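Engineer: Spelled out, the chains give:
2 protein chains.
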Amino acid sequence: MRIRIPASFFMLLFVAILSAQAQTSPAPTPPMGWNSWNHFACKVTAADVRGAANAIASNGMKEAGYIYVNVDDCWQGGRDEQGRIQPNKNFGDMKALADYVHSKGLKFGIYSSPGPETCAGFTGSYQHEEQDAKAYAEWGVDYLKYDWCSASQVYPVSQIREVYKKMHDALQKTGRPIVFSLCQYGWDLVWRWGKDVGGNLWRTTGDIQDRYDSMATIGFGQAGLEPFAGAGHWNDPDMLEIGNGGMRHDEYITHMTLWCLLAAPLLAGNDLTRVTPEDQAILLNKEVIAVDQDPKSAQGHRVSAEGPLEVWAKPLADGSVAVGLFSRGGAFPVKVNFKDLGFTGSVHVRDLWLHKDLGSFEGEFTAQVPRHGAVLVRVWK
Amino acid sequence: MRIRIPASFFMLLFVAILSAQAQTSPAPTPPMGWNSWNHFACKVTAADVRGAANAIASNGMKEAGYIYVNVDDCWQGGRDEQGRIQPNKNFGDMKALADYVHSKGLKFGIYSSPGPETCAGFTGSYQHEEQDAKAYAEWGVDYLKYDWCSASQVYPVSQIREVYKKMHDALQKTGRPIVFSLCQYGWDLVWRWGKDVGGNLWRTTGDIQDRYDSMATIGFGQAGLEPFAGAGHWNDPDMLEIGNGGMRHDEYITHMTLWCLLAAPLLAGNDLTRVTPEDQAILLNKEVIAVDQDPKSAQGHRVSAEGPLEVWAKPLADGSVAVGLFSRGGAFPVKVNFKDLGFTGSVHVRDLWLHKDLGSFEGEFTAQVPRHGAVLVRVWK
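Here the protein sequences line up with chains U and S, keeping their order. Under numbering that gives the first Met the number 0, think of the first position of the first sequence as 0, with each following residue one higher. Under numbering that gives the first Met the number 0, think of the first position of the second sequence as 0, with each following residue one higher.
Hints in this document: simulated from the structure, not taken from any laboratory. Model, not experiment: these values are computed from the prediction. Heads up, the beta-carbon is just placed ideally off N, CA and C, and yes, glycines get one too. It is possible that part of the hints are untrue.
[Said to hold, decoys possible] Pairwise CB distance ranges, derived in the manner of DEER restraints:
hint : chain 1 : residue 1 : chain 2 : residue 2 : range
1    : S       : P25       : U       : L353      : 30 to 36 angstroms
2    : U       : D350      : S       : D79       : 42 to 48 angstroms
3    : U       : G205      : S       : Q208      : 15 to 21 angstroms
4    : S       : T365      : U       : G205      : 20 to 26 angstroms
5    : S       : P276      : U       : G205      : 29 to 35 angstroms
6    : S       : R370      : U       : K355      : 41 to 47 angstroms
7    : S       : R370      : U       : Q126      : 27 to 33 angstroms
8    : U       : P115      : S       : R49       : 56 to 62 angstroms
9    : S       : H354      : U       : K355      : 43 to 49 angstroms
10   : U       : E363      : S       : L357      : 40 to 46 angstroms
11   : U       : K334      : S       : P25       : 31 to 37 angstroms
12   : U       : R191      : S       : G104      : 52 to 58 angstroms
13   : U       : E161      : S       : S151      : 54 to 60 angstroms
[Unchecked claim] Chain U stretches covered by chain S per the calculated footprint, using a threshold of three residues with CB under 8 angstroms from any CB of chain S:
hint : region
14   : 161-172
15   : 216-225
16   : 295-307
Taking the hints into account, I'd like the entire structure generated from these sequences.
Structural biologist: In C-alpha cells form, the structure reads like this:
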C-alpha cells in the first residue's frame, strides 16, 4: 500500500523549514546598532565603544532595537608568536570590551579583512581565518564585518565568493551565532550570490559619505535589488550618517525613510554621546523603524519616478503598505496612485513621522514634500 | 441633406495639424550645436565664438547636425540712452558676429535673463523684453537661452510661467523664428508647463558638472519625464561635457548614449579648436546622433534597473528600438529582455557605437558593459 501524502503537506513542511532557517539566522530582521567608522574612523578607542554602549543602553536606542555595538577598522595590533590576533593599545582586552557591551544587554561586533591588511593597513585575516574566527568566538563577538580591502593583492576578484565562503565556514565552525557582513562595495553583483556564501548582509555600493548627493545616489540606486533581500540576508546600502552634520534635517529624514523602506541594516554612525534631540528623534521614531523591521522581510521598490519625484513602497506583514514620497529636487507635491499599490476604493493613510492618521482617501494621496525631503505614510484598506 | 464626414477625416486633419506645428517649430528635433559656457564660461570672446563656428563648419560637426553656435553669459555691455542692449568689448558688433556664423551655414544663439542681471552679473532683459527681442531679431539671432538668475529679486517664483511667456511673446512678435530655451533648473516642475509658455526646451535640473557623478545623477534622473517631451518641445538635461577632460572615455560614451536616448538637445560644450580624435568620434557618431534626432520624437524611458545596471529604450520611427545598457558601477554583463521592448521571437541587434550588426537573438541580449560605461544597440524584428 502506498501512502499518499497531499501536496499541501510538503508546502507546509517547506514553509516550516524556511521559517526555522529565518529564526536560526542571526539576522532575521535587518541588523540594528552602531558602528564606529562614520564618526570616529581610525581614531576609535575602547573608551569610545564603551561610551557608545552606555549611550545606547540609556538613551532609548536599545529599546528601539539598536543592539549591535560594532568596532570597525583600526582595533588590531598584529599577531603573537602563535599567530593569534592581538588588539592594539587603543583597545587592550577585547574580551573585556565584549563583556562590557554584553553587560549592557547589547551585542558586540568586530571588523576584519580577507586580505593580509585591512583598508586602514591593520592586520587582516589572510591565512588565519579559522584562528581569527575562533578568537572572535572566544571573545564573544556577535557580528563580523569582513572588508575586501587588500584581498585583491592575494586573490583574483574571480575568487571573491570562495574567499567569503571560507570565513563563513570558519565562523560556523565556532558554533557561535555571528552575523556575517560582507563588505565588498557591490563587486561582482554580490546580491546575486551573497546569500549562497553565508552572508547575512552585503554592501551593494561604495562607501557612503555624509552628503545628500552621496546618500541619495546610493539609496535611490538600490532600485531593482529587492528580489535579492529576505529574512536573514539583506542588501546593505551602508551605514547611517544621521547626526554627523553633513546633511540638513530633511535630508536625514530622507536617509532614514529610504533606508527603512529598503529593509536596510540600521547602523548609526554618529557620536552617540553628543547627539541633538532632533537627530535622536530621527533615529528613534518607532513607527518608522517598524517599517524596516517588519516581519514580511520585503525590501521596498520604486513605484514611480517623474524626474526628481519618486514614490517607493514596501509591503508589510499586516497587508498594509509603507509608502515613501520623495523629492530629490525642490519642495513639491508628490502623488501616489493607490492602484500602483494594488488598492482600489477608499484607503486609510497614516503619517509615520508625525504619528498621525490623515484619514481616508480615494484613488490617490498627495503630500507636500520639502526640498531633498521625504514623507513616509502607511496605507491600508 | 447632411454631409457625413468619416471620423478618419478628422483624424487625418489632426495629424496634419500636429505635423505642420512640428514643422513650423524652430526645434522640430532636439537642437544641436555648441555653447560657450562649459569650456569658456565668462572668459568667452567673439574670437572664441568665431573659432567654434570655423571648427564646426570644417570638422564634420555641421554635417552631423550641430548647427547652433551659442554665446552664453557675459557678452553684454549695458544699455545705451535709448535702453538698447549693447555688447561688451569682448564682443563688439553682435550683428557682425551673427553674420559671420551665418556665413558658415550655421545659426547663432544668444543668452539673457528675465531678471535685471544675468547669473554672472551682466545686464538682463528685465523691463526690456520687447526691446531685447527686437535687437536679437535685428542681429539675426536664432536661439535664446533665457536664464532665471536674478529674476527672483523682482518676481515671486509663482510668476515664473508668466515671466517666460512674456519673452516668448516678445520673440514671436519679431516674426523671426528663434528657439526659446528655458533655463530655470527644473523649478516648478517646468516639464509640466514649459510647452505652454512657448518653450522649445527647458532645463530639468541644476547645472551639469564635468564629473561622472554629476552627469549620471542628471541623466539617469530624467526617468519619468518622457511623457512631457515631443517634437518642438524637449526636456533639457543640460549641455554636453564631452571633451572637457573631467570624465573617462567610457563615461563620455555614457553621457552621449544617455543624452541621445533622452532626445536631449546636443550642445557641445568643449573647446572645438582643441579636441582629441577620441572625443570628436563620440560627438560625431552618426548612428548614435540619429537616435537623438529620430523623427518619432520619443524620449527614451528606463526599462529596468538592478541596482547599478540600467536598461533604457527609445522607440524609433522605423519601428526599431534603441536600447542603452548601462553600468553605473563596475564592468558587468547587462541584459535586456526583448519582451520588455514588446518583441517576441528572433530579434536583430546592431551595435551603434561600433557600426556592427551583431546578429539575431532569441528572448534576450546581453552586453559586457565597462565600468561607468554604456552599450547602445538598435533592435528590430
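Engineer: Could you run down the list of hints and mark each one as holding or not?
Structural biologist: So, going through the hints one by one against the coordinates:
The supplied range of 30 to 36 angstroms is broken by S/P25 and U/L353, whose beta-carbon atoms lie about 49 angstroms from each other. The supplied range of 42 to 48 angstroms is broken by U/D350 and S/D79, whose beta-carbon atoms lie about 58 angstroms from each other. In this structure the hint that U/G205 and S/Q208 lie 15 to 21 angstroms apart at CB holds, the actual value being about 19 angstroms. Against the hinted window of 20 to 26 angstroms, the Cβ-Cβ separation of S/T365 and U/G205 comes to about 25 angstroms, which satisfies the hint.
One distance hint, 29 to 35 angstroms for the beta-carbon pair S/P276 and U/G205, holds here, with the actual separation near 32 angstroms. The given range of 41 to 47 angstroms is respected by S/R370 and U/K355, whose C-beta atoms sit roughly 46 angstroms from each other. Distance hint check for S/R370 and U/Q126: the Cβ-Cβ separation is about 30 angstroms, which falls inside the suggested range of 27 to 33 angstroms. Checking the proposed 56 to 62 angstroms range against U/P115 and S/R49 shows it holds: the Cβ atoms sit about 60 angstroms from each other.
Separation of S/H354 from U/K355 is about 59 angstroms and departs from the stated range, judged on CB atoms against 43 to 49 angstroms. Checking the proposed 40 to 46 angstroms range against U/E363 and S/L357 shows it holds: the Cβ atoms sit about 44 angstroms from each other. Evaluation of the 31 to 37 angstroms hint for U/K334 and S/P25 yields a pass: the beta carbon distance comes to about 34 angstroms. Distance hint check: the CB atoms of U/R191 and S/G104 are about 53 angstroms apart, consistent with the given range 52 to 58 angstroms.
Distance hint for U/E161 and S/S151: a CB-CB separation of about 59 angstroms, consistent with the stated range 54 to 60 angstroms. Counting residues of the region 161-172 of chain U whose CB falls under 8 angstroms from any CB of chain S gives 0; the rule of at least 3 is not met. Beta-carbon proximity to chain S at under 8 angstroms applies to 6 residues in the region 216-225 of chain U; the threshold of 3 is reached and the given coverage holds. Interface restraint, the region 295-307 of chain U with chain S: holds (6 residues with C-beta to C-beta distance below 8 angstroms; minimum three).
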